[in-house]
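J.: Protein chains in written order, with numbering that gives the first Met the number 0: chain A, 0 to 518; chain B, 0 to 170; chain C, 0 to 668; chain D, 0 to 491; chain E, 0 to 102.
In short, the hints are calculated from the structure, not lab data.
Each hint should be verified, as a subset may be incorrect.
[Stated by the list, open to error] As a list, the in silico DMTMM-like pairs of lysine to aspartate or glutamate whose alpha-carbon atoms are at most 25 Å apart: (1) D:K366 / A:E122; (2) B:K169 / D:D25; (3) A:K118 / D:D439; (4) C:K27 / A:D473; (5) C:K25 / A:D473; (6) A:K168 / C:D624; (7) E:K101 / C:D635; (8) C:K177 / A:E376; (9) C:K632 / D:D359; (10) E:K101 / D:E350; (11) A:K168 / D:D359; (12) A:K118 / D:D438; (13) B:K169 / E:E96; (14) C:K177 / C:D592; (15) A:K168 / D:D438; (16) C:K177 / C:E127; (17) B:K91 / E:D93; (18) C:K526 / C:E67; (19) A:K121 / D:D438; (20) E:K101 / D:E156; (21) C:K601 / A:D313; (22) B:K169 / E:D93; (23) B:K91 / E:E96; (24) C:K177 / A:E373; (25) D:K366 / D:E350; (26) B:K169 / D:E30; (27) C:K601 / A:E376; (28) B:K169 / D:E101; (29) A:K121 / D:D439; (30) C:K601 / A:E373; (31) C:K638 / E:D93; (32) C:K177 / A:D313; (33) C:K177 / A:D466; (34) D:K437 / C:D624; (35) A:K168 / A:D313; (36) A:K168 / D:D439.
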Amino acid sequence: MFENILIYFVIIPLVMLAALGLCRNIKQIRAVAVVGSLGLIALSTVVLLQYLDMRSAIDAAIAAGTATEQPAMLFTNTWTWFAPLNIHLAVGVDGISIAMLMLSSIIVFAGSFASWTIKQPKEFFLWLILLSTGVFGFFISVDLFTMFMFYEVALIPMYLLIGVWGSGKKNYSAMKLTLMLMGGSAFLMLGLIGIYYHSAPEGGQLTWNLLEIVDNDAIPHGWQQFLFPMTFVGFGVLGAMFPFHTWSPDGHASAPTAVSMLHAGVLMKLGGYGCFRVAIYTMPQAAHELSWIFLILTGISVVYGAFCACVKTDLKYINAYSSVSHCGLVLFAILMLNETAMTGAIMQMLSHGLMTALFFALIGMIYGRTHTREITEMGGMMQIMPYLSVCYVIAGLASLGLPGLSGFVAEMTIFVGSFQAGMADFLAGHGSLRLVFTLVACCSIVITAVYILRVVGKLLFGPVHDDHHRSLTDATWWERVSTVSLIVCVAAIGCFPNFFSNLIKFTFDPAIFSVLGLK
Amino acid sequence: MDSVGSIILFVIVALSIVVFSILAVTTRKILRAATYLLFTLFATAVVYFMLDYQFLGAVQIAVYAGGIVVLFVFAILLTSHPGHNSEKLASKRRVLGLIASLAMLFIAGGSLLARCGALSVTKPDVATPDMNQIGTAMMGVGEGQYLLPFEAISVLLLACIIGGIVVARKR
Amino acid sequence: MSPVIPVIILALPLFMFIFLGLCGSKMKHPVAGFLGTLGLGVVMVLSYYTAFTYFFSGAPEFISAAGERLQCVMFDQTWLQFTDTLYISLGFFLDPISAMMLVVITTVSFMVHLYSLGYMRDHHGVYEIGFQRFYAFLSLFTFSMLGLVVATNIFQMYIFWELVGVSSYLLIGFYYRKPSAVSASKKAFIVTRFADLGFLIGILILSFYTGTFDFTLLTSAPVEGMSGVYHVDINTAEGILSTFTSHPAPVFMGASVLTWALVLIFMGGMGKSAMMPLHIWLPDAMEGPTPVSALIHAATMVVAGVYLVARLFPLFLMEESALVIVTVVGALTAFYAAVVACTQIDIKRVLAFSTISQIAFMMVALGVARPEHHESLGYMASMFHLFTHAMFKALLFLGAGALIHAIGSNDYTAMHGLRKHMPITHWTFLIGCLAIAGIIPFSGFFSKDEILSACGSYSTLVYIWMSLVAGLTAFYMFRLYYLIFWWKEHEIPAGHHAPHDQPWTMSLPLIILAAISCVAGFIPFGKLVSWNGEPYDFMAHFDWGVASVSLAVAVAAIALATVMYRKENALPAKFKNALPNLWKWAHLRFYWDELYMFITHKIIFNGVCRALAWFDRHIIDGTMDAFAAITHKASDVIKPMQSGQVQMYTWLYVIGALLLGGITILCLM
Amino acid sequence: MDYAQFLAMKQEIALLVVFLIVFLYDLFMPERSRRALPAVSAVLMLIVTAAGFFCDYFGVSAPTEAFAGMYATSPVIATIKNILNIGMVIVLIQSAKWANSEGMVMRRGEFYELILVTLFGMYLMISARHFLVFVIGLECASLPLAAMVAFDKSRYESHEAAIKYILTAVFSSAIFLMGLSFVYGLAGSLYFDNIYMALMGHNTKMLVVALAFVIAGIGFKLSLVPFHLWTADTYQGAPTSVTAYLSVISKGATAFAFLTVLAQAFGLFYSQVWEWMLYALIILTITVGNLFAIRQRNMKRFLAFSSISQAGYIMLGIIAYNALGVAAMMFYILVYIFSNLAAFGVIGAIENATGRVSMDDYNGLYKTNPRLAFTMMLAMFSLAGIPPFAGFFSKFFIFTGALQAASPAMYVLVLIALINTIVSLYYYLLVVKAMFIKDDECVIAPFRSACSERIGMWIAVAGIIFLGLVSPIYDSLIAIAQSSELSSFFLK
Amino acid sequence: MEITALYYLVPSLIMFCCGLYGFLTRRNMIAMLISLELMLNGVDLNFVIFNRFLFPGQMEGMIFTLFGIALAAAETALAIAIIINIFRWVNNIDIRELNQMKF
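Please build the complete structure, drawing on both the sequences and the hints.
T.: Now the structure itself:
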């Protein structure tokens, strides 16, 4: 079991949990959190490097004629769990999962630093690490059952994290968030079990393994029509798809810093990743036929979230609505069923994960000092806490798509891909829905600029609004570590997008596209 | 073709069952209710006799009429206050009770009527089990023999005795 | 030529930005300023070397044997691959206009760097807060602008297009403590962002049909025998036209798809170049430090739109209607801006409107350029005017900066009669005014004259219209000049120094730019820059008729200005009272800002955003909450079931059992 | 006369032996050693349980019948009895403190005797293949419970609960017997197998009515809506140990017996009649149970409604009507026993220490009694079906079993059930919220719970954590279910 | 005229329904128990009738009735014990006043 490197993504958090149990003071807790998350970063880096090596080795083998094709996933391994139901603990990664794993480990790292001085640290980190166990487990799983299990493992600690360490109307928000997300997973569970029962042709061995399901390609058409919406909505709720996004503003607003970071940065990605990996991967025909419904919904999400963000005055609300908009773009792009757009979607997940985590980290730090998140009650922060303000500007610029930062490359990939898909549809006489919504989604770049600059202008620039704020201090070293690690990643994606794009793109299973006749 | 006598007897018994049942549940005086219950039970025993189940009829009289009703009477005397022995019924409850019991009558009776073909049989002229057979059945383990229930109910009765004592005991 | 120098040209400013951005605050002010200036100086030298090599070395990759100037891709690195054919690369594209722009950008930028060393400190020598940041941003801007002009593909251009937008945002908002600066910077960014939306969609359309972003594949053909070397080829553009027309849906809403694409791309240009109706941000952008206005909002960034159209000129030639739109937009903007400029009080605003007007001139010149009229004289004229305008407008702005620095106010009402106190500023400013007014032999005369003759050969109407605008230009510039430097000087309050000329760091750039404005007109521009690379002998086409008319118009306008504003008199007031509404409308810029405020605030913000936010909180979220409320309500409704009454329990029990049976029976029947 | 047939009833006999030992121990031992009665009974039950697991009950490896088909046992039946035994052990352990408390000493022995007899009744219900045995088992499992509910003599609620319970119980048994008499009238026999054969071809209204009454009668014990109304009052009033016992053991046993009756006596009418009856009942049960649970403040009452809706989920295993469903149901019952007993363990500990049972009393519990709060939280999460706790697995498997049928109606049913899990999550989280998030002036002071209570909770917590993750448990259940005699009914 | 099973079933059913009515309406708990006895008695009668008329060859119904009587006795005894207990507490056996626990 332990020879597979991926399993350590679960083991490390579990070891961290055990170590936390032994901790006696805050220093030890911090040490556990930092060492553990560093370990996760190291692990994901090792996996990345090995992955690239293996891919190129297989490429070479193909060239030499000793191999025929690239496997869809590497590091695959399965261990039987519930044999009668054919449930396995099946792991495997492709470029997308690796990207997500790296994202998660970085955000966990940054989140640990962002919650340096949290009260009740032991419990806090306990839940936080349990949450990340779920996240990592989700990304390495290729078995629908374990995937779903980890998915829910990741959801529930949110309740306590928000409820105990949150602020504002935390009880309401925590409950709403938990219930809505679990509501999504109710649909999801139905969809997944349905997939299981149609995963093999008549008489074949039913399976939960994604790769086998895709290989079998046995889900009858009628069932796809039913199961696709179930799974897509199920994951879509976590992806903040309109109209199931309302947990997001309240939830984020009430959550403590690190939780907002992890939730917006990683958990919401579970939604997008799941939509792609489960809904579309296994049921491409239905995805093709029914995508219009969800295209409309996600297309609305994109602009709707952005418009709503324009009028909010609470920093977290603004960012939460902005997340609705950006995550809407992820789902939107996935539904384009076009390689470029999907690549863009994954990049957008990375990008949004990082920058929104950065945003929430900064908001948390500002809130920790000023004890307000109302932009109307703040102003001129640039004079008071220049470091945080500059980081905020950088995050804002990333969010509004400044070239050189991650948002731009992701959005542009999405727009180019969606436009191609839309025009192809349009010219083939399949209606102009994709095209129209691509253009609508493009408009978000303007609206995003509006709300980002509005915040930056009101919060950071201008005269100091409240003289009490003048005595506040700038970032501490741990806050700097947290933000710098995120900024570096944002810039790395923005400056060297091709590396990430290739990493992601390489692993798309061409089978999907050939089914759809799209490639 | 039944004899007129048996028809008359049946009518009387049936009527008394019906009438005393109704009286038992409508009378205001609780002691009277117990009395009417006794009459009903007697009438039921008569039915058992009519159906040639003498043993059953005897048990009915002995256990039910003799045992249970006496128990009731004791309980009534234990729990009743002088002059407090009549009760008033809320009309709403009565309507609800009537609805439920009429619905029960309608549905259960209807479902029986739906099988009226099979049920329209006269009493077959076969011998009913005598005491000997009953005794064997109670002690046997074969098909149609009831040793297991017999033993089981003994456990149940034991438990009920224990339970009854514990509950009724003052401390 | 090795690609090392181009790489350094791009990398050095970027490095300076990162270096100054990260370490600047730890440095002393002068060190940061000096490092920035030094870096830019090196870039300037390298750019000069590159441009000089391009134009004059005669190397085969730069000029063909027939004397045709070629386009050379110095390097091209894939940056982001979308599909097999569609990819963004970052490269360095050398052709006549990009070489010319290299010179313009680095020159003006260097002047501004130098100038700012003096400008960004007060009279006591104390540096502005954020001085280092200022230099970092200047470097960022220079990097972005250079990247923009040397883009090998339209997406690279878009990338740097965004970057200059952000640099502009940061620099306009440099005085971030001032709410007006903050809102101006926001406005600038959002308006241009809106335009960029059009640009982006245009790119998407174009790239979908053509399958490429590369300029070389859109407008040029490779030169045989050399890799990375191309020449402008109208056949390529025609091929693209036929790609568009042969697609199943060549027409969309009455215009061809190519027109749509080009117009949308031009929309991006309109935003950056402040063409009507997207011009509103530029006047406000004057909230930035004056050197920034000189660099970004006069000389370089705002001409990016012109540059964009010029870059895609062969494609624009394919669609007459697109060029007509360019012409019309340019002509209207030119006139509008000129009229408004006549009424402004803030000297930077006057210059800003003048900039809009002059850029519109360039747009018109491109719009009227046709190969059949003087070998597309307009194209060359536009580029020429871009060049000369950059120099004299930078000069004017820097001069204005010197004035503002001396007086501490932007209003000419606070100035008056400064010619004695500030002779260097006065003379250089005068040269700038003469140049922009088009007085021979200053540079503006030549470039404007070429534009007018290009208009003339295209259409008489445009010619007359643009001549009128040229006259207005001369009028408002000299109005400004007289109001600043003549009139009766103000009393100097006790304890204050009289205004005086600035230190050499500020004066030297003025003098250099003035010198260039004097002589630039004599550069044989047609030999260097033309739409298809073939040298063009301007003098052979020189139309003395046009030249003399324009000169006469300019002189007349100057004379009128002299009469009205030479010294304080009643004429302006009379004029104003004669046409009160016109004056008021012009002064308030024809209420464009109010219109925008109405649309953005009243309609979009209040009407859409607030409505949506309300909808979200109350309808969508309300629905979700309603689920919870309904559940609670349902719980209340069924509460009586659990009444505590055994008889009711059993009643329900019986009814339940009977219903269970009854309904099943009914269903079975 | 072959009295050796009694030897087929190994589990029952083992239980009766335990009963006898307890009885005699209580009768003849001096008062001081009688304090050890809880421990004695728990150890004895533990031995019985262990024997069940490790000795396979001396060979119940194949279906066996006795008394001419009146009684049956088989691996699946033996397993479900074992599962009940486990729960019983925990209940016995947890009840020790209460049983030895001041007011209970007088009735301590009777408590253990009665509880063992009720378990015996449940055994009979499960093993019965004749309705007479079934009825006796049913009564045996309900009547002594009424006495147990009334055990808390010092509390008025206990008596009210008892009278409500016994009146409803007797009433429901009357209805049940009415239905049974109809069945008898149709089939002429009370043997399940004979009924199954005799009813072939019949599909009369009488049968439907009879089935409705039978379902109502058993539904009473399972607390299916609308036959559930006694549940909350009784749970609230009864002593906590009895409530725990009622909510898990009684329910689990009845659920399985229900399946046996439906499959073996009325299996022919699955798709025509009782599938739809159960369909309606499940929806009602889950929904109404949840709706009432939302508004409860008393923890025991709260868990009563929670257990009502849990019963609905258990019924999904019956309506699935396949081996997966049976396995899932057994697993569900097992997990449910552990989760609910963990919750009742905490409630009992707190009640014994402070006498407080309101959810508001739990505010801020985590600050003072973190371990209790944690145990409670695990129980709540497990009941709500949150991974990685066992409840998640049991829910998932029971849905998987239900959906094997693949009929649209089943998908709708499962969807409704799933949506209800959200509601249930809401109220389970309310408890978590009270303990972890809320704060109060009069927080329950820190206290140390009795050793027995701690052992009980530790066992329950271990079960919550490991039952799901350790797959062989479920694997073996499914193997047993697939090989069981019930499987032959599913195929028909 | 012949007296068929159906005729016999009529009084038994009415007895059952009367018991039901009484159980649902009487306030006195003992009266409720009396009604319950009526119901159980009706059921017993049913068994016997079915046995005698339809399946005369065997005696399952009769035996069932026999056991049923025993069960009824046990139930009644226990119920009365509890009722007496209640009476000791509240000095009253009105079922409607036993509603402290509700909702």
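J.: Now look at each hint and say whether the structure bears it out.
T.: Okay, the hints, checked on the actual structure:
no., hint, result
1, D:K366 / A:E122, "12 Å, holds"
2, B:K169 / D:D25, "20 Å, holds"
3, A:K118 / D:D439, "19 Å, holds"
4, C:K27 / A:D473, "21 Å, holds"
5, C:K25 / A:D473, "16 Å, holds"
6, A:K168 / C:D624, "14 Å, holds"
7, E:K101 / C:D635, "13 Å, holds"
8, C:K177 / A:E376, "17 Å, holds"
9, C:K632 / D:D359, "22 Å, holds"
10, E:K101 / D:E350, "20 Å, holds"
11, A:K168 / D:D359, "19 Å, holds"
12, A:K118 / D:D438, "16 Å, holds"
13, B:K169 / E:E96, "22 Å, holds"
14, C:K177 / C:D592, "20 Å, holds"
15, A:K168 / D:D438, "15 Å, holds"
16, C:K177 / C:E127, "14 Å, holds"
17, B:K91 / E:D93, "17 Å, holds"
18, C:K526 / C:E67, "10 Å, holds"
19, A:K121 / D:D438, "19 Å, holds"
20, E:K101 / D:E156, "11 Å, holds"
21, C:K601 / A:D313, "22 Å, holds"
22, B:K169 / E:D93, "21 Å, holds"
23, B:K91 / E:E96, "17 Å, holds"
24, C:K177 / A:E373, "21 Å, holds"
25, D:K366 / D:E350, "18 Å, holds"
26, B:K169 / D:E30, "20 Å, holds"
27, C:K601 / A:E376, "24 Å, holds"
28, B:K169 / D:E101, "15 Å, holds"
29, A:K121 / D:D439, "22 Å, holds"
30, C:K601 / A:E373, "23 Å, holds"
31, C:K638 / E:D93, "23 Å, holds"
32, C:K177 / A:D313, "23 Å, holds"
33, C:K177 / A:D466, "17 Å, holds"
34, D:K437 / C:D624, "22 Å, holds"
35, A:K168 / A:D313, "13 Å, holds"
36, A:K168 / D:D439, "18 Å, holds"
Violation of the numbered hints given earlier is absent; every hint is satisfied by the structure.
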